[in-house]
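Read off the chains here:
2 protein chains.
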Amino acid sequence: MKAFQILSFLVRKTQLRHPLTCLQQTAKVATSSCHWKSPSNWGSKKHASKRKLLLQVNHLAMDPEIEKQLAPLRAKVKEQGDLVRQMKTDGAPEMDVKKQVQELKNRKKELEDMTLKLYPQDSFDRAKMNDLIKRRFFYDNSFAIYGGITGQYDYGPMGCDLVDNMLSEWQKHFVIQERMLKVNCSILTPEPVLKASGHVDKFADYMVKDVKSGECFRLDHLIKQHFEKRMSDKKCTQEEKDLISRKINLLDGMTMEEMDAIVKEYDMKSPSTGNDLTDAVEFNLMFPISIGPSGAMKGFLRPETAQGIFVNFKRLLEYNQGKLPFACAQIGNAYRNEISPRSGLLRVREFTMAEIEHFCYPDDKSHPKFNQVANTEMLLYSACAQMDGESAKTMTINEAVRGGLVANETLGYYMARIQLYLLKIGINPKKLRFRQHLGNEMAHYACDCWDAECLTSYGWIECVGCADRSAYDLSQHTKGSGVRMTVERPLKEPRVVDSVVPLPDKGAIGKTFKKDAKAVTEALASLSLEVAEDMDKALTNVGEYEVNGFKLTRSMVPAFKREQKKVHVEEIVPSVIEPSFGIGRVFYSLLEHTFKMREDDEKRTFFALPAVVAPIKVSVLPLSNKTEFNTFVTQLADSLTNLNLPLRVDDSTGSIGRRYARTDEIGIPFGITIDFDTINNLPHTVTLRERDSTEQVRMPIDDVPLTIRHLADGKLQWKEVTEKWPKFVAQETTK
Amino acid sequence: MKAFQILSFLVRKTQLRHPLTCLQQTAKVATSSCHWKSPSNWGSKKHASKRKLLLQVNHLAMDPEIEKQLAPLRAKVKEQGDLVRQMKTDGAPEMDVKKQVQELKNRKKELEDMTLKLYPQDSFDRAKMNDLIKRRFFYDNSFAIYGGITGQYDYGPMGCDLVDNMLSEWQKHFVIQERMLKVNCSILTPEPVLKASGHVDKFADYMVKDVKSGECFRLDHLIKQHFEKRMSDKKCTQEEKDLISRKINLLDGMTMEEMDAIVKEYDMKSPSTGNDLTDAVEFNLMFPISIGPSGAMKGFLRPETAQGIFVNFKRLLEYNQGKLPFACAQIGNAYRNEISPRSGLLRVREFTMAEIEHFCYPDDKSHPKFNQVANTEMLLYSACAQMDGESAKTMTINEAVRGGLVANETLGYYMARIQLYLLKIGINPKKLRFRQHLGNEMAHYACDCWDAECLTSYGWIECVGCADRSAYDLSQHTKGSGVRMTVERPLKEPRVVDSVVPLPDKGAIGKTFKKDAKAVTEALASLSLEVAEDMDKALTNVGEYEVNGFKLTRSMVPAFKREQKKVHVEEIVPSVIEPSFGIGRVFYSLLEHTFKMREDDEKRTFFALPAVVAPIKVSVLPLSNKTEFNTFVTQLADSLTNLNLPLRVDDSTGSIGRRYARTDEIGIPFGITIDFDTINNLPHTVTLRERDSTEQVRMPIDDVPLTIRHLADGKLQWKEVTEKWPKFVAQETTK
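The listed protein sequences derive, respectively, from chains E and B.
Count along the first sequence from 1, then add 30; that gives the number in the working numbering.
Count along the second sequence from 1, then add 30; that gives the number in the working numbering.
Be aware that one or more of the hints could be misleading.
Since copy identity is lost for identical chains, a pair holds within one copy or between any two.
Below, in silico cross-link-like pairs of lysine to aspartate or glutamate (EDC-like), each with a Cα-Cα straight-line distance of 20 Å or less [as the list claims (entries may be wrong)]:
#	residue 1	residue 2
1	Lys299	Glu245
2	Lys328	Glu245
3	Lys202	Asp743
4	Lys353	Asp681
I should point out that these hints are in silico values taken from the structure, not numbers from a laboratory.
Put together the whole structure using the sequences plus the hints.
Pasting the structure below:
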């Protein structure tokens, strides 16, 4: 079975960020601008005309025949894009714009599906790949002997090592090369932290339940499924089909109440049992947890690793001697209690993320190393191109930044570095693009956001997000914790400012708060001008005021000192640029991109993994398991192990060809055969084989270990090996 | 403040395994033997006399003066040890033996405390170390800006890298060198898995609550604290003191009801508020969690990583082509909801473990590489020595295994490998011992168990457990899941056995179970002789019988075929040898063991971390931040970074001495200074300094990067560097 299913819309675009983003965005938010710069007009005509001068034609050749078929679809997208832009310009009502944006999305989807269908694809066979993945235990369902569990996977030896090697390269590529800081923070997270970040209120999907069985359904999925079934019914009239179709198109922008009304109007039942359904509820996707034995401390398993970095910002800044910019990375697990996990590794409840938070001044987002990546060619799918129904374009990151398409150098620098990383580990460059978020699907705090998307049999899937998140996160935690998450920058010239300083009665505070008294006076000392003013008023009018959870009365703060002060520094909330990797998704894409079949034998499937990430670097195959081979096998294996090269000895009785096929399956890039020539002739030689070309050379056994080490480190290319040593030709048969 | 507190008994010995082990062990269990071998007599006289011939005198010299003071305490331990042995031999009642074992433990503790007190210790200053740890962000309380949370820590850049490097060495030392398999399994674990493993029923501490505030107390801690307070009261008579003292001694062996009775008898109240306390309850230490939206799937955060390996046993065996022995490793987080976390990193709610499960035939626990470690000298504290009041003895692991002290070669091999690993990363060999579990504190499934303990300011703390767990875990999961966790071994000669095979009515089964029908027939096909007999009887007598959760009736299995079969293989439940690392505890011990103060300046504290684990390998210090130094700094830093060497450039304005002090603090082993000689003379040279000796050499700048790489990899020793290049002498001042 050849399966190249297009399921891209099943994959929520915002897996790596707030899942309700799409639903909550409004046209108003979409056109709001960031306060220090104005990159607000992605997708606007004016902007686009300027940018087009810089665009180069996509290096993937276009087929005129296919393009002819796509032309009407492209035109439909463009027409709708123009309409949306016009409505926004005219200040049309929010709800009207929303509906048209939804229609735009549908037309884009139609174009994308057709493009994928018409352009020739690899003969990728997902069933065959999954068979290999399962058979050689790359990964598999967790707890299968207990019946298994959806949305959770155990990584076996191969998957585990592949992920580890991907992460080890990630560390070298980002943390060491960029001299980043690194943290490893708690996964059990108290509620106030995630309240401040917005997750407690917004990190939710809508859900209904079967009233009898309790089975849960994601509301939008349920409605869509019901409608699709109805439309496939022969009795369904064209009129009804059109009506339903319109409703499906509007789903994405509906409120929970609107969707609930549809469920009631069409009397929808549980698709499994036919039972009634409950009213819809918001289901928060975080796993709640109670920390400590009393049950008093509410918390959650973190839904992303980023917050751990934000709450440590002050310590990290101090560690960096108070200087900006700096970046901090974290690799670790995160958790989302998906309502109905599916699509294998693409939608799971437990997953690994690798996130970087780059802190910089909001008014200086230049990057000192930008020049080093300036000429990197990238396939960029701009918001504008998406709205115009155009395809993605190849250009250098320098052109994209200089032309204003990518908001700033630092964002561009990371996009290029992300691409370099993905290519290094083996992602197919022809199946990688960077897609810019449309204004209205971007989180409301982000100034510009690009997703690195990989083309897989599930469609284009988001693997890495790269966003300029402005000052959102640090501002939120300042509000939530009362600790100012700011950096001080010396002013060129001192400035005179108003100040309102509380004058606490330390005796009264000490009496009331005892051991917390110090915390209270410290909190008072760090109040902003506005808060201090507020507080003074409240103490007069209401009689009390809360600071960091401490209730203060007038007797504790009898007076406030008002004066003018000369200040020499300004306090700034840093901006954050955030590259965020969904490791499981990159891993899955990598498997699809490197999965191959031998041209002469479709049964011989294998993963063409680059040596740098291959779990096992080399196999050692004695021609037979006769004793005379043993010494050579042991010695060679020990030398390879001493160079920390993971290896596999296969002294089973199969033919060499069959054994090579087994090592190919798990992506072992190099294979050594010990044969009778090894034993009988001096100097002792072996054959060394490369997996993808199946070429072999004959070389002295003593030279092998270091050669493999260099090949595995990418310091030596296979071509150089074939130039240095004589080729060895032997029939490689699996019989 | 010099603090060398002895709090070893606050550290639960069984942190790495079931916390109730101590409470649940009974004398009966303690003397039970494993079925295929009889290593049941640890601590028995007979055994000991044989073993003593092999013991060598501890290489740590004994001080005769101190030994004189310790002699009476040693005698007291021995006297009690003899009594316990005699009682066991005589088959005395379980409860009586338990009481005397408790008294034995108390005497051992007294001896240990006195030994630690009398033998000279380092001038370790915990407060100073903690100050450095906090100041340079090795680790710190999680979520401090939100008030912090006990029992959870965030690792900052230094701690994070140190742990990563420890784990990377662990991977090389164990996984790659031993060619182990590796897995990465789910942390969210469904209840049945942990029911089978015994955690749902037994992984608990006893707890009482303040009836008003809800504050929770660990029952044994509360009673002990109350008694100690009472004894320190002047009004407390000697008679009462003796009585209370006896009760404290018995606490460890008491049931929850017995402890609860004490709380009531002494009318104990909440120590914080004086409020009444609730009745005691068992508090399971696992974090419960609900997987999926319906709330129907109960689960827990895993309390250890081991279970993930056990439930994947069949896949791993298949991956290993059906062969034993093999080992599988897993590194990952585990969670325990401690009632009252304390002692910093030693008792936390979220922690990293690194566990290995080595599967082997129960009747062959030899190890092919044992000879490679046979001569490793180890400080072993046998159960026998503990009961005799003797101190730990140094001997080779070969002597220990041959003499029967360590149960088998594989266990011994891992103990030696554990020691080699710990020494490699910087654990002080003089503060490392292996302590054998006493019969009665060993988990009931273990055949022999040794803890690698590190001496810290909290006393000897268990960092690594190394246990022969026999067939316990796999047998439990066979029972729990119905899947036979066994391996087939060819018999030398075929054997004739009885067989009882169910003959199902596939139609009836298909009708009832539909898509599960296949699972049902498969389950029926794999029933053991005993279960099949049981089932046949039950179907006749009761009319129904449950197999893997499926209720079967007589009509579905109308008959059973009884016959004799010739079998060519035997089915064996493998034994498991388990080294289990508590990474946070090793990390903390390592920090204590490497924390130093300069002899000439106690303010200059630093961590003497081996280069192989040091977070940053090298610092680059230009003499001043003048422009002429910049080119050299940048070039050198880039070359070092290209060799993946984490480095720190410190171009701040402090004196070189002060900057060295800063780099020493975070354990950077090597420092390069770029001075005027670098700029003015050809070839360009720099100074290279080693942290512990503060020695410096002068060498060409081009030779530096590779020299550091080799030093960091342990391929080059500092001594060789000093022999190759001229020494450089300069005053190193912090002023």
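Hints versus structure:
no.	hint	in the structure
1	Lys299 x Glu245	within (12 Å within a copy, 46 Å between copies)
2	Lys328 x Glu245	between (26 Å within a copy, 15 Å between copies)
3	Lys202 x Asp743	both (12 Å within a copy, 16 Å between copies)
4	Lys353 x Asp681	between (58 Å within a copy, 13 Å between copies)
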